[in-house]
Amino acid sequence: MNGTGEEKRKKVPFFSTLQMKYAMSYLVIFAVVLVLLNTYPVLASQELLFTSKRDSLKSQAAVMASALMELESLSADQVVRVMNMLDNMGLTRILVTDPAGLVLYDSTRDSGGEEDPGGEETEPEYRYALYQEVVSALRGNDVFYSRYSDKVFTSTAACPIIYRGMVIGAIYILEVDSAQGALLLSLQQNLRNISLVIAVVTLLMSALFSKMLTARMAALLRAIRIVGEGEYGHRLQPAGRDELAQLAEEFNQLTDRLQVTEEVRRRFVSDASHELKTPLASIQLLSDSILQNEQMDQETVRDFVSDIGEEAKRLTRITEHLLALTRLDSLPAEKTEPVDVSAVAERAVNMLTPVADTAGVTIRAETKPGCLIRCTNDDLYQICFNLIENAIKYNFAGGYVYVSTHKDGDQILIEVADTGIGIPEEELTKVFNRFYRVDKARSRAAGGTGLGLSIVRDTVRRHGGWVTARRRNPEGSVFTVGFPRYVPGPEEELP
Amino acid sequence: MKMRWMVLLLALCALAAGIAGCRGEKPEEQAGYVLYFAAGSGENHGPALGTEAYTGPLSGAGGAEPTPSELVQALLAGPASEDLRSPFPKGITLHRCEFDPDQPGHLKVHLSERYGELTDISLTLADYAIVLTLTQLENVESVEIISGGYAANYRSHQIMTAAEAMLTDALAD
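Chains as they are written, first to last, in my numbering: chain A, 602 to 1096; chain B, 7 to 179.
Pair by pair, the computed Cβ-Cβ distance ranges are:
hint	chain 1	residue 1	chain 2	residue 2	range
1	B	177	A	725	18 to 26 angstroms
2	B	160	A	750	36 to 44 angstroms
3	B	70	A	648	45 to 53 angstroms
4	B	70	A	788	50 to 58 angstroms
5	A	725	B	102	24 to 32 angstroms
6	B	177	A	767	26 to 34 angstroms
It should be emphasised that the hints constitute simulated quantities derived from the structure, not laboratory data.
Keep in mind that this is a model prediction, so the values were computed, not measured.
Just so you know, even glycine gets a beta-carbon here, dropped at the ideal spot from N, CA and C.
Input sequences plus hints: build the corresponding full structure.
Okay, here's the thing in structure tokens:
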């Protein structure tokens, strides 16, 4: 039920998928391009043809008007005679009117005079061209109109016939051009066919490209889900050199770190369980021995109970140290302040001197004044305490612990050296690991938890410092802690 | 999901608005009689005379049609539409309309003297605005216009019919 629900939640609706969005983006862009391709050239050609027709028709009308203005006054006979001499220049209709709009010549009707074949005079026919073009021309304006519809260019032009500043008539010409219309239609059809091909190619290409692009994203998403389910070993194969390849590499690095962290966590849990199990097993064994052996003398019982108490103390120490480490891992750093390292180191030395005396170890401290760092008093004390306590624990009776603080450039160094058992060269890098012990038996005997140096390392790092361990010549080991030196302002009050 | 419904609703609204817009643009059917006026000067193609529905009284034959005088009075009153303009000068009045007893269907329209100020194409437009309007009446076939008691002798002819007016070029439209 949950699994199906999770699957449904993860399933992206088809129209919301990134692939669909990419494909739609490509299609929209190409649709805009295609619309422009199908409109702009056609409109531009149309405009070009309109302009060409306007110039052509106006000049034709002007030629006819100039021929007619020679007549001084227009009569039907004279106009017909003049117009018959002129070429109609492929025009569909030519009208000549008098100033009142009365048609004196109509190319679609007039071919000669008004006389019928019988020689008798016919009734005069009165027709008035009440077109906008004619009216406007009779008012002294040149007029042009053109339109393209039904595959045909229809253009009209009219101009006044002027004699000595007087309008004595008007010329109206009409051109119905289906050849140019067919040309424009053919252009439109060609563009439509090209657009159709481009649209099909775009559709296929957008599907392909969006699939290619989103396939890698889908792989990344799949990998994230696999890693999310706990399979930290899963890796992506980065292909190409683009941002997605970088994303895949980043993902792999992240997974590496996750794997390491997970490994450390598992080991830590395992080690912690083991460390907690050992004193618990001792407590159980000792308590069982007391319970099962009724004849056990009081002194032995006291010894056993004392051992149980020691193991309980060890358990307490381990849990306290674990809590300290957890706090270091999870809690944000407390507010820091300038701290005098020498003063804190001396306080730790003073606190541990009785312990050293009991162990027959001598502590020699050499601290320099003015060693200031930004830290908290408690954290710095914990660092010094752990290092000096370790140096005492893993020392021999009659041995020494040397504690020193000094400046080194822009750093403050704390060195804790001992003449103790030392650390093998190959294990120097491991001593800061949690639950790591060089000598397990000695550590347990000394009440160690294997967490002291881990706490030191984590605390030092928390305050921007570093810690190293090295072998001391001729014996023992040296732990060095470095912190950025704090330089107070001119009016700052020092601790 | 809500978004899809919203889009669908908007599309339906747009469709409804489009249909309403189309219906709104459709010119009203001019049933009955129309008045002819000069078309607006903004156009450079089309008929020079436009029409507008006659909305005046119908006191003619059997109350089904207006009298010639009513139509001429409506013409002289000018168009209601802003797309049309009156072809008549201001101040023209109708004296009377009378049928010629010798020529059936021939109507004489007597107008005031100011009509005589019109010449050339302006006169033609005014003449045929009257002729086209009046020849819609069943008993009117031709019209003669007299201003101040005289017919304008600079007209090509005095007895005008609707067939003489070419409003559109059939080859162009």
